[in-house]
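Novice: Use these hints to put chains B, C and D onto chain A, whose structure you have.
Chains as they are written, first to last, in the numbering used here: chain A, 1 to 140; chain B, 1 to 140; chain C, 1 to 140; chain D, 1 to 140.
Since the hints were made in silico from the structure, they are not lab data. One or more of the hints may lead you astray.
Copies of the same chain look alike in the list, so a pair counts if it works inside one copy or between any two.
Below, in silico cross-link-like pairs of lysine-lysine (BS3-like), each with a Cα-Cα straight-line distance of 25 Å or less [unchecked claim]:
{"id": "1", "residue 1": "Lys76", "residue 2": "Lys106"}
{"id": "2", "residue 1": "Lys91", "residue 2": "Lys76"}
{"id": "3", "residue 1": "Lys91", "residue 2": "Lys106"}
There are 4 protein chains.
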Amino acid sequence: MALQMDAAALARFMEVEFPQTAGDFVIDEVGEMRIRVRMPVAHRHLRPGGTVSGPSMFALADVSVYLAILAMIGPKALAVTTSCAIDFMRKPAAGVDMVCECRLLKLGRVLAVGECLLFSEGVEAPVARASLTYSIPPER
Amino acid sequence: MALQMDAAALARFMEVEFPQTAGDFVIDEVGEMRIRVRMPVAHRHLRPGGTVSGPSMFALADVSVYLAILAMIGPKALAVTTSCAIDFMRKPAAGVDMVCECRLLKLGRVLAVGECLLFSEGVEAPVARASLTYSIPPER
Amino acid sequence: MALQMDAAALARFMEVEFPQTAGDFVIDEVGEMRIRVRMPVAHRHLRPGGTVSGPSMFALADVSVYLAILAMIGPKALAVTTSCAIDFMRKPAAGVDMVCECRLLKLGRVLAVGECLLFSEGVEAPVARASLTYSIPPER
Amino acid sequence: MALQMDAAALARFMEVEFPQTAGDFVIDEVGEMRIRVRMPVAHRHLRPGGTVSGPSMFALADVSVYLAILAMIGPKALAVTTSCAIDFMRKPAAGVDMVCECRLLKLGRVLAVGECLLFSEGVEAPVARASLTYSIPPER
Numbered sequence: 001m002a003l004q005m006d007a008a009a010l011a012r013f014m015e016v017e018f019p020q021t022a023g024d025f026v027i028d029e030v031g032e033m034r035i036r037v038r039m040p041v042a043h044r045h046l047r048p049g050g051t052v053s054g055p056s057m058f059a060l061a062d063v064s065v066y067l068a069i070l071a072m073i074g075p076k077a078l079a080v081t082t083s084c085a086i087d088f089m090r091k092p093a094a095g096v097d098m099v100c101e102c103r104l105l106k107l108g109r110v111l112a113v114g115e116c117l118l119f120s121e122g123v124e125a126p127v128a129r130a131s132l133t134y135s136i137p138p139e140r
Numbered sequence: 001m002a003l004q005m006d007a008a009a010l011a012r013f014m015e016v017e018f019p020q021t022a023g024d025f026v027i028d029e030v031g032e033m034r035i036r037v038r039m040p041v042a043h044r045h046l047r048p049g050g051t052v053s054g055p056s057m058f059a060l061a062d063v064s065v066y067l068a069i070l071a072m073i074g075p076k077a078l079a080v081t082t083s084c085a086i087d088f089m090r091k092p093a094a095g096v097d098m099v100c101e102c103r104l105l106k107l108g109r110v111l112a113v114g115e116c117l118l119f120s121e122g123v124e125a126p127v128a129r130a131s132l133t134y135s136i137p138p139e140r
Numbered sequence: 001m002a003l004q005m006d007a008a009a010l011a012r013f014m015e016v017e018f019p020q021t022a023g024d025f026v027i028d029e030v031g032e033m034r035i036r037v038r039m040p041v042a043h044r045h046l047r048p049g050g051t052v053s054g055p056s057m058f059a060l061a062d063v064s065v066y067l068a069i070l071a072m073i074g075p076k077a078l079a080v081t082t083s084c085a086i087d088f089m090r091k092p093a094a095g096v097d098m099v100c101e102c103r104l105l106k107l108g109r110v111l112a113v114g115e116c117l118l119f120s121e122g123v124e125a126p127v128a129r130a131s132l133t134y135s136i137p138p139e140r
Numbered sequence: 001m002a003l004q005m006d007a008a009a010l011a012r013f014m015e016v017e018f019p020q021t022a023g024d025f026v027i028d029e030v031g032e033m034r035i036r037v038r039m040p041v042a043h044r045h046l047r048p049g050g051t052v053s054g055p056s057m058f059a060l061a062d063v064s065v066y067l068a069i070l071a072m073i074g075p076k077a078l079a080v081t082t083s084c085a086i087d088f089m090r091k092p093a094a095g096v097d098m099v100c101e102c103r104l105l106k107l108g109r110v111l112a113v114g115e116c117l118l119f120s121e122g123v124e125a126p127v128a129r130a131s132l133t134y135s136i137p138p139e140r
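Extracted from the complex, chain A is given alone in its bound form:
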């Protein structure tokens, strides 16, 4: 199954469709059924003590699965998150980017399932894990 969108095409799609958040995320690398997305940590992501907030990590996992799906099926479909299970396991390191390694475990006609490991850049032990389900609406 060939990629329908590469990193540049995904980035342009985000700028057009999600101008409010596109700048939050950088696509490091995209492949078949997998993607690596980076979140440069800015002041607005932080909680007291310099830690990255849970909602910011959720957002990173969510956008990663979304982009991994679009890379495979192209920009035409409007996929929506139907569920997420996320475990926060360690405190993120201060002052470094968060990196999300995501792979799709299933890409069906109507449902997709992705799983993510989130890391503080340069630290081996994962900060969080997440699994997400997306619903892929039928094309009109």
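Specialist: The following block gives chains B, C and D in isolation, referenced to the frame of chain A:
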């Protein structure tokens, strides 16, 4: 078990400890093991089509469980989210607040579990449900 | 929306379709978008110390959501579990039935979401909570 | 961190502590922070159509994380499951064993997190994924 903090005390705590996000949430009502928190929907919460973003809903559920715990144990403890499972069930209504009805199912010495239903104000069917686990560190 | 199957019809359906497990569960009460199912605790459900096993509690939550769906849509559809998030919060009481209070939060054309609280009979604090998603295949 | 128990020691522990279910599971291979456990599929695991039941898959994931933890910390601790999120993605193949590939993402002093992929033996696409949290009680 008496409340340790009322809505006004929780709001002041948020303003001091989480100045970046305190304005996003309004405490409607707090009781024993339960709270209702409102998120006035602003432009930054929105996705294309006027829908509230998943990360915004996650943030609302997360802060609701956090505040429900603090109301019971007081401002001294630093509780952290350890896991969340969230289901997005319906598209939020446009142009109205999101309201989170949260109750604590367990408030143990080291772990707390809360569950939330999220509604678009004035609409009966819930938009999302979430369950969250918090770890409560021992006092030093 | 009227009930398509009452408790007796659901019990007969289970005996025919799931003869291996039908005897494990008793339908206490069924209503619109809700059901209460009881699991008489037998030796095979137990773990050391007399506690009910996690898989047994999962099975009780799973069958409860399944039956709540069938009560609403009738015996013709073959619904399958697509996901479950379950939190085990307290040790079950020894020697008493487990009771599951389940309600459907969504019953869509292709997806249903149910949530459950599991109790040891006669004990107020819940032993576990679970949320489950079912996929409802289109009729042929 | 050296293994505290090998496959043979884990199997003996299961026979003594969980005689009711020990025969259901075979430890294929155990390593640091990881294990592969096999469930020979018997009649009692099946649902109509020859598919493996959800509770059986839950049980396989649950025991896999439990054994992966014991392999690292030894038989002295009484770990209990506190939560599980599981996604059922594909119908299992008929007539073959289920195999669970499990790794521990975190093994803290009080909490452990493991994730599992479940396969029908000989089939590449996973049948299910699961993440589980265990609580590790302090030693007395």
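Novice: None of the hints should be skipped; say for each whether it holds.
Specialist: Here is how each hint holds up against the structure:
1. Taking the closest pair of Cα atoms, Lys76 and Lys106 come within 25 Å of each other only inside a single copy of the chain (19 Å); across copies the shortest separation is 27 Å, beyond that limit.
2. Taking the shortest Cα distances, Lys91 and Lys76 sit within 25 Å of each other only across copies (20 Å), while inside one copy they are farther apart (37 Å).
3. In the homo-oligomer, the alpha carbons of Lys91 and Lys106 lie at most 25 Å apart only across protomers (12 Å), although the nearest pairing inside one protomer, at 30 Å, exceeds that limit.
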